[in-house]
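Undergrad: For the record, the sequence lines run as chains U and S. Following our numbering, the numbering of the first sequence begins with 1 at its first residue and continues without gaps. Following our numbering, the numbering of the second sequence begins with 1 at its first residue and continues without gaps.
Simulated from the structure, these hints should not be mistaken for laboratory data. Here the structure is a predicted model, which is why all the values come from computation and not from measurement. Misleading hints may appear alongside valid ones.
Restricting the straight-line Cα-Cα distance to at most 20 Å, the calculated cross-link-like pairs of lysine to aspartate or glutamate (DMTMM-like) are [what the hints assert, rightly or not]:
#1 S:242 - U:490
#2 U:486 - U:568
#3 U:214 - U:378
#4 U:210 - U:177
#5 U:496 - S:249
#6 U:49 - S:249
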Amino acid sequence: MAVLPKKDVVIIGYGAGAGPVSTELALAGYDVVVLERGPYRTTAEDFAKGALDTLRWNTRGEFLPPLQDVPLTFRTDLNQEAVPTNYIMANTVGGASVHWSGQSWRFYVEDFRVKTTLEQLYGPEKLEYLREDGANIQDWPISYEDVEPYYEKVEYYIGVGGWPGNIQGQIRPVNPDDGNPYEAPRQRDYPFRPLRDNATDLTFREGALKLGLKPFHVPTAITTEPWTSGYGVQRAACTYCTFCTSFGCWNGSKSSSLVALLPVAEATGNFEIRPNSHVLRINHTGDRAVSVEYIDLVTGEVHIQPGEIFILGAYTFQNVRLLLYSGITSNGLVGKYFINRAGPSVSAIFEDRYLNGYNGPAVQRQGVDDFNGENNAEEKLQLPDDQFFVRGAFIGSPSQRTPLETYNAVPPDVPRWGAEYKRYLSDNLNRYIGLQLLAEPIPYETSYIDLDPNYTDRFGVPAARVQRQVKQNEIRMARYIFEKGKAILEAAGAAKVWGRDTPVASATMTHDCGGLRMGHDPSMSVTNRYCQMWQVPNIFVTGGALFPTMSGHNPTETIWMLSFWLADAIKDNKVNIYNSEDFRS
Amino acid sequence: MPELVTTRQVGRHMSLDRRTFLKGSAGAMALLVVQTAYERDALAQDPLSEGFRFFNPVQAETVAAIAERLWPTTDDSPGAIEAGVVHYIDHSLNGPYARYRLTYIQGLKWIDAVSQEQYGAPFRNLEPEQQDAILTGIEAGEIVRPQAGQEDGATGDQTLSSSYLDGLDGETARQIAGISPPATPDLRSFFNVIRTHTMEGLFADPIYGGNRNFAGWRAVGYPGPYYVYTEEEQQSFEPLNKPFQSIADL
Ligand SMILES: Cc1cc2nc3c(=O)[nH]c(=O)nc-3n(C[C@H](O)[C@H](O)[C@H](O)COP(=O)(O)OP(=O)(O)OC[C@H]3O[C@@H](n4cnc5c(N)ncnc54)[C@H](O)[C@@H]3O)c2cc1C
Ligand code: SF4
């Protein structure tokens, strides 16, 4: 076991979260090393030629790690044994930011203070059912105003396009028909526009407008024109090839840590990325991390990498598992308050038109936020008590409906094989819409990640075990959102609508957050407002594990934002890596 | 992914099965990934007259019979056999789907045993209605495994994948768990696997050996991969009728 030369900054995993902080610290002159367990795939070598292959990247999941290396088990019932389940995030330099969809948002102002918002809007009586269910909702230790510049940094330095919904309080100042009117106020417009609308979007929009809703084209981290980022990285315009979600973009148009941030870090000369390096453990002295132990997956050799600052960027499950296996538990808080989505589903077919969903990436999408967050608080207050719920969901109209990705999307009364099935797909595959319903989950005391007592990976480290339940709020919300989605499609003229109005809990669904909560209070959270662990002040966290609460929007822009925020905290000496309670607000 | 079926397991089944299987598996170590366009064009018109690398002739015919019921020939549209689905599955079992080999060996044996018990003939020789009745029973969970094959279930820890371990064969699960997976092999898990692979053989790019003459894509109106879609195409509410093309044509 070789002990390698000490580095200023050691980063574990290189996905979305690790990208900004590693680039920013490298630019500031820190000596940075990144240990990433995936191989180093690049646009030129791996995607430019081979990307347009659904079987390879999507069905067979070439990006995904062997389950023996990153095992995950799942249960809802705490009295049952957890069973192994699939892990669906890319194992590659750039992590899941390489094969993600690219729907990219700022969270709402209220998303950072859900506890206060709910108390003010609804009062304790209305919220009693949440308490009964063991909900533990906390405000974030940061406000939207604190972090707004860092959202802007994501948009201008990594690349996010959209129609502005709110510039300094002015609603839809650039395009009166587009932009999310509910979005948090931004100081500046987006650097470029989002993807265009396709037939599916126009159809969804028609339905939403008929219902008096406020549809908008979703913001996307995809360059729609030749664009040069704040770092000077040049990017080509998206060609709408549609080999997008689950694929590495053939053209480098989809923003990722790989295409937007890594080249900048590498150009500094004081940054090194070691692919195929699987971190096994963090060695520490209780309140100080000293080194990490990692295995070179090619040679099988184990190395010790000492460092001054350690940054976790291995996604929620591996971040939690590493800490727990290394004996860092923050008084039992590590792994707690896990949140991921469990929502309804709504699909439809149209008889009066073709939608040709096989053209158009998944994230080419119109959507509505009229039922998201507390935008519909008044309507919710009118609901009978046993239907009342808090928070909400974004509803949108994805595409990317190629046959290999869509052959199972049939209504329940159509058989799954045989002549009738064949006829159904022939007639309807290109007339299909399946909505995205991004239901916001609630953190519960009984939803958490720990180490599995029965299963280990091939290195002998226990699997991450996920426990997650759906409770009254999820069930009520699912029914409500299902009806709203259905109404939009019916208003748009759908010939047939079907779906599921109940939520289903699962271990992982790509928005797996919580577990390493940030907070004001060391006795109630794992990190402080700068993503610095209270217990071990030279460990910092990136990723959605930090979120105290979720949102009805996708998490990644906020993950990137927090990483820029944390980079500044280190560079500007707002944190003390010897004392996590000694920081400057 | 490493080869997940151990030599011990394959060897054991070889002794259980016919010599032809031995012959068929000779090429099993060759990792076939992508078939060239040249090879695709050179293939015989009758997909079942081709040599298979994994299936013996009886297995190939049974797979063909099942796949054809799942995606039958209709009026002017080819069924799974003509689309080359058997070829696709055979190739996949020699490469990335090696972990499903035992699923097929056992499943095909069982479906024939069920057919014998119910209709006195192997599956491939039944009438389409009888074949549909068996597949329907399996899908519904009414036919679990042959009466006579109950004791075969004892080998279950290394054969069929159970649904929640989909993608994990017994060996992998044991590696993760250090214990046997609680997998109960049944015909429904085999049905789910072969259905999935049949759809892949129809809808994956022709470079993988199925979807011949774009039979799968033609049936559902998908032109295949294109680098670019224009605004006009994207906003059309009519079929686009673009020419079919494969990755090999890009
Ligand atoms: C198909 C798909 C579509 C998505 N679409 C969207 C979307 O439209 N919008 C959105 O906001 N989000 C989307 N997401 C979610 C988004 O990808 C994640 O939020 C984001 O990538 C999480 O960032 P992360 O850095 O925490 O983890 P990741 O990006 O997963 O990176 C973690 C990295 O750590 C590595 N690693 C893990 N364990 C170890 C170890 N022990 N040692 C070393 N390295 C390790 C992994 O290989 C990986 O590269 C999508 C995800 C998927 C899979
Ligand atoms: S649709 Fe656009 S962003 Fe997505 S992979 Fe194709 S070119 Fe890239």
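Undergrad: Give a verdict on every hint.
TA: Evaluated hints:
Restraint check for residue 242 (chain S) and residue 490 (chain U): the C-alpha separation of about 30 Å exceeds 20 Å, so the hint is violated. Of the supplied pair hints, the one linking residue 486 (chain U) and residue 568 (chain U) is violated, its CA atoms being roughly 45 Å apart against a limit of 20 Å. For the given pair, residue 214 (chain U) sits about 17 Å from residue 378 (chain U) by alpha-carbon distance, which is consistent with the 20 Å threshold. Distance check on the hinted pair: residue 210 (chain U) and residue 177 (chain U) sit about 14 Å apart at the alpha-carbon level, within 20 Å; holds.
Note on residue 496 (chain U) and residue 249 (chain S): the hinted pairing is violated, with a Cα-Cα distance of about 37 Å set against a maximum of 20 Å. Our distance criterion of 20 Å between C-alpha atoms is met by residue 49 (chain U) and residue 249 (chain S), whose separation comes to about 12 Å.
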